[in-house]
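Student: Hey, can you piece these two chains together into the complex? The hints should help.
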Amino acid sequence: MRGKLKRATGATLIAACLVQTAACTKDKPLEEPQYSNDKKITIGAWVAPPPEFINETTYKDIADSGINLIYGLYEDADQNALKALQMAEQNGIQYLVRSRGASVIPEDETDLLDGMFDEFKDSPAFGGVLVSDEPGASKFKQLGALHEKFKQLLPGKHFYVNLFPTYSSLDQRSGRTYKEYIDEYIQTVKPEFVSFDHYPLMQSVDGTYTKEDHLLNLDIVSSASKRAGLPFWAFIQSIGFSTAGTQNRDPDEKDIRWQVYNALAFGAQGIQYFTYWTPTNDGAATFSKAMVDVDGTKTPLYESVKNVNKEIQGFDRIYMNYDNVGVMTLPAENAPANLYTENRLAQFKPIKDIVSEQPIVVGCFQDKSGNQALVLVNYTDPASNQNNKVNIKLDGIRGVSQYDKNGNTISKTGGGNYEVTLEPGEGKFIMLLK
Amino acid sequence: MMKKSATLSIALAAALSLSACQGGNSESKESASSNPTGSAKVQETTLKISYFKGGLGEEWIKQSADAFEKAHPGVKVELEGDPGITEKMGPRLESGANLPDVAFVLRTGWQRWAIKGYLADLSDIYATEIDNGKTLKDKLQPGIAEYGNIQGKYWIVPWADGATGLVYNAQMFEDNGWSVPTTMKELDELLPEIKAKGIAPFAWGGKVMSYWDFPVVGWWAQYEGTEGMESYKKMEGPEAYGQEGRLKALEEFERLLGDESNSIEGAAAMDHIQSQMAFLQGKAAMIPNGGWLETEMRNSTPEGFRMKMMQLPAIDGAKETKVNNTMGGDFAIVPAKAKNAELGKEFLKFLSSDDMLKLFTEKSGSVRPFVYDAASVPGLSEFSKSVIDIWQNSENLYLYSENPVYYSKFYDWPLAGAPYMMIYQGDETAQSAFEGNLSYAEENWDAVKADLGIK
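These protein sequence lines are chains X and G, in that order.
Just so you know, this note's numbering puts 296 at position 296 of the first sequence, and the rest follows in order with no gaps.
Just so you know, this note's numbering puts 270 at position 270 of the second sequence, and the rest follows in order with no gaps.
Hints may be right or wrong, so weigh each one.
[As the list claims (entries may be wrong)] With a cut-off of at most 27 Å between alpha-carbon atoms, the simulated DSSO-like pairs for lysine-lysine come out as follows:
1) G:K116 to X:K179
2) X:K298 to X:K405
3) X:K179 to G:K449
4) X:K40 to X:K298
5) G:K116 to X:K141
6) X:K28 to X:K368
7) G:K449 to X:K141
8) G:K337 to X:K179
9) X:K141 to G:K455
Note that these hints are calculated values from the structure, not bench results.
Okay, chain G solo, but in the shape it has when bound (with noise of 0.2 Å):
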């Protein structure tokens, strides 16, 4: 395939090289065939849009690519589709190689790029109305609006939203008879149950063992509560690691799978998609999951197999019972370098209508943290339905901070990253994990900051 170029000479190719390099991701060529007059030649514009392909699967960019450019004659969408865009993205802004008009990516810190002016700016869109007489930013959950702020603009739109937690083999709870536990005292109750029928509790991979985060992080919110998360994030001191409800949790994922019969053969060296085929054969009940696994494994998934997610089952001494942890902090940005920065602008501003965020819905089964009525959406699946209704249906929580000492340095668990697999394998109790965060913090709470230049 590569015959062609190869085959120029050293010097012509390295002519060539440089507009390769600087050009790549944009072009314009005149064109009559998108003209709808056809009388007159218009400008072909190219729009490269970058996205992170995984468990929403690729049908929502393709559908929303088309529909833009039936709206916007001229224009040529070109898709990019990579697991790894999100690591890739860094390089290129860096670099100003290979760069897209429109990214989609996965939570990362993007907070750096906006100060290094890697990112366009993007105030002008959220103040622009979008439909209905609401702006970009009246449109986003309010739990997420500012998300995308620092210094006073924003650089971001947030992108992928949804609902995580314990998905359950439908199917199977019915046919055994079991109730879906709305606490963790009955789920406790049901996995005697589950593995007297010879069938594992719990499907997960060692391999992303960051899943965890799912219910963990949504125990730990019903613990704490919608004003203790707030509190949180707001990250006024080393001390918001002590939260007795991080404990809580990670003793709840201690517990669980303290007892290797709660875990299918093998999980430890399982990646997702493994883990997420043993679910789908039946070999577990129940898996750590969010609410893009139907679309993930939609080749895979046997015919007949019905899934759907329950309602966090509530940890003892909860204060609210209804939290999504949504792990919402997704996001698209606009390259400041980007050939056709202003048509990657629009195109956000395309994908906030009503109409093309219940056409995301309906092609990735999934939501985008807007609201809006995606429970209307028609031909949702049974899954989809109850990814939606526990959305819209619980405190959302949106797990970031504006603190820089949160999402330069610290997160979530700041000594190494989520305990869980240290906490499985004997390396670490929940109650060391939590201190070890927690001192951590503490130690290193001013370093850090003076660090960040932060008085």
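Same shape as in the complex, but just chain X (with noise of 0.2 Å):
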């Protein structure tokens, strides 16, 4: 008897408990999880200022957009990077040094990089290095015993090393499938972070398009960068250029939106824009206008990029400390070609179900004390201006911390149930609060 008393007032005591913890936590107020540390992501850009302006004006202007990683093009390692790295100083950025030297030192005499950034190395702004833009795999070793060499002269400052896109050529490539290109490179060259690139804003006679590949593309860098454990850049559309008989479009904020967002679902850790200031046409394109074009005048594109940039650096700090658990793609029934990965997440416990007018794509996260964050994009071509409506079933998640353009608003989720309207090029940064 006193046995079961006091099994029955253990139940008693548990069931009290229970109801008043959901009580407790039905009361509580929304809360977003507190991470102590302060990352930052990574907003890189291709061409700095070339030589005849760098200046602390035109370097103000980066460090006002966003960016904080800015590379040299038409500089190499001379005294106008030093200029460049005084001017970087000044407006709290790091630069890139661009070497044409570095990159072409046999694997067998590394040596010769002895001394070779040493007039560089002590300025805080000294990023690293610009080593090697779209190397072919039979690079990758003279690459890796140059990367040996350089951690042990300048530990901690970038090798940066720039690899092709999913539709590049496999000559290009070296005769490597894009999957073992990246793979090569890893093991090979052994980097502290994957960067590639890909620019997927088209126009054509009949229109706008995006490039087919490229989820695929975010996905396979991804996926490979996870297995190894590193983080991974993409870089981000900012102009546009004809070559061969294909035209990449302008892009507007619109795009420069959508490919910023795509980036964060798959976990970039890095975004990058090509380019920064606009760059002198070459026998292989043309270029349009940048953020900033040739003769040093802003263009509109440099206040869209500021607004996205701003957007998400009102976030990073909170994303940074998120692993990418896997990203959707929906619909998957009658999918079009573009949604294609090859590592598609078929589930992540607290979605329920999505339902969604318009193609979407669902980066999923979880931090070390699994919490657990989205990051949601209208799939749609932004040249389109298609709206998107989602609605997502969720499961014990009582309300969401969602980050977008409109800056940061915690709401409940009533039944579970969280429903937007995605605005074209739109992504949003969404933390589960249970």
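Tutor: Below, the structure is given as structure tokens:
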């Protein structure tokens, strides 16, 4: 009897506690988890102001736009780079020194790197060295040897190499498939991060479209990086250009936001604009105008990029604490070809169901304490100007803290339902609050 | 339009995604409608064809598909026209996703696709008799019959062919009594006459600067002659890039565009459509272009506008004057993992009959690189006739080399692609571009060979 009573009492107590906990939880105000660190997303940009434009004003403009790492292109590792470093330091940003010399050092003569960057290395703005852009796999062994030496000489500095997109040719990648190319780079060069470019915003006689393999590229690079425990950096097309009969359109703010949020959905820890300053035309490409034109005048895109950078810098200190679990794309049945990925996430526990009018990308995240978050993107071509109503049924989630172009809002999810209409190109970082 | 599918639960959607990815390109289902007898059901098979949607229009493929369906009961053709299909094919072949059964794409490095095993071996259809006792290989233009052959097998079928060079406003020429120039000297004499009428001699677009390849490669080939170009195509060493004809041709370009008054205003910022519109609006007398121009601009051509292609004016010192830079090299493939690869091959054979070749010419106004009487096709426009006349009565140049150094790395301008914009902007001269390409080839030849595993 006593024993029974005891058990009954125990059960009653447990039930009472459960009721109390539920009541307490229900009444508890929605709060975001707090993070003690202050991690920042890297916001890089290709093409720093050319030598004749290296001054306080142009570098202040870079910093004001939210870019925190600018890459030299027209200046080599020379006096111009020193001046650029000085301007970068004054404005609190980092600068990548371009070195045409470093990339051609043979793998058995890496000692040639000794002292090569001594005059730059003590600058607080020295972010590292831009060593190679779009190397074929045949260069990896040499780059690996250079990187090994570089780490000894300049620990903590970026040994910057940027890789080809999926739509590069097998010849460009020295005959490797794209997956082989990325994996071989990671294994051979042993980088601290994986950077790649992919310019998805297209235009044809029939109108606009986005590249079919845009998500596939993010998927392959993010998956390979994740397996290796490395972050990845993705390029953002911030200029229009024509090459060999194809036309990459001039982007607007919707296009910029769309690219940035898609990169974030796959867990990018760095975004990089191609380009900041407008490059001069060459034999391969004819360029329109980037954030700043060739004469140094800011274009409307400058403000667009600044807006998006400010937006993501509103939550990057949180986002950077989360690990990407995977990415869902919807719809799955009769999906348009451009939604194809090889590692599509089948389920993410708090999500019971998703309904959307148009294609969406859903990046799924979790932090070390088990807190979860989403990056939700309207995956229609931003130029098609389609809104996209999305309804997500969530299990065990009382509310969300949502970051987007309008700032931050915390709201309850009535019955676990989260409903939102995404504007063209819009993305959101959504913390799921239990 | 996606509401139905998007309402699926995640689990169901995940299950379906696999089939969507793997089988999106083909389907089979029971159908009675396509059975001529109507008595018993036949298996309906879908043949998915992806094709470059551009200057040739779409009527040729639509009508070809209709004809194939009629000849093959139970087959339904699904068409995917896409201006970006060429660059999409690489990722598709690698991933195996969204594969068509046949693809018609622009010239690109297909050889690596073949080496990687992404392409179906087409050797059997090359050896198959198509009509009049001729195999597909027999029917191809001699200059391109071996284009699809590496490692002893045939992997692609050449698709589009034609003539390129300078197109002129025929009515404008006639109204002003201008003779069509046959030499560069005559062209030079004509330019002031055109400008005196307040008209720019040339329309062109800086966003498609490679269109200047059409006349420039033509001048190069005129200067070197067939023997010289065959020597170049052998690509036995970097000295191939030192042919004098290359320099002479670049100098002609430099001279023509070095005089700003020879170009329409704002040309450097124009794309191909804008420059072609300017030509159709009578703002320029000539335009570097190809046999697809009329079809591409059909919906924008003013009523009564007349254009023709001219035999490329001959460069001083030309060994041969009647040379046509075909810009051939566009091709069709059957992916090795295509759902209906055999049906895809059947389609390529089907398109190689004389009747279908003529249908192509009738609907596109252009030609395929086969030996057939394209000029006899009824209803050809004045422009198409001029194009076909050049194609049938010139030494047709198919500029490609079987040397991997060429098709894997260097192509024709190994330093940084075609140098026209740099010359136009004054960043290079014809001489420096010529020398730069030669030096680059000399300095990198052995390294590229080593990289490609060639001894």
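Student: For a C-alpha distance cap of 27 Å, please report whether K141 of chain X and K455 of chain G respect it.
Tutor: It holds: about 21 Å lies between the C-alpha atoms, which stays within 27 Å.
Student: Given the hinted pair K40 of chain X and K298 of chain X, is their alpha-carbon gap at most 27 Å?
Tutor: Satisfied, since the Cα-Cα distance of roughly 25 Å is no more than 27 Å.
Student: Sort out whether K141 of chain X lies within 27 Å of K116 of chain G, counting only the CA atoms.
Tutor: holds (22 Å)
Student: Given the hinted pair K179 of chain X and K449 of chain G, is their Cα-Cα distance within 27 Å?
Tutor: holds (24 Å)
Student: Given the proposed pairing of K337 of chain G with K179 of chain X, does the C-alpha separation stay at or below 27 Å?
Tutor: Holds, at about 18 Å.
Student: Quick one, are K449 of chain G and K141 of chain X close enough, alpha carbons at most 27 Å?
Tutor: holds (18 Å)
Student: Check whether the Cα positions of K116 of chain G and K179 of chain X lie no farther apart than 27 Å.
Tutor: holds (14 Å)
Student: Given the hinted pair K298 of chain X and K405 of chain X, is their Cα-Cα distance within 27 Å?
Tutor: At roughly 22 Å apart (the allowed maximum being 27 Å), K405 of chain X and K298 of chain X satisfy the hint.
Student: Is K28 of chain X within 27 Å of K368 of chain X, Cα to Cα?
Tutor: Between K28 of chain X and K368 of chain X the Cα gap is close to 23 Å, so the pair holds against 27 Å.
Consistency with the previously given hints is maintained throughout, with no hint failing.
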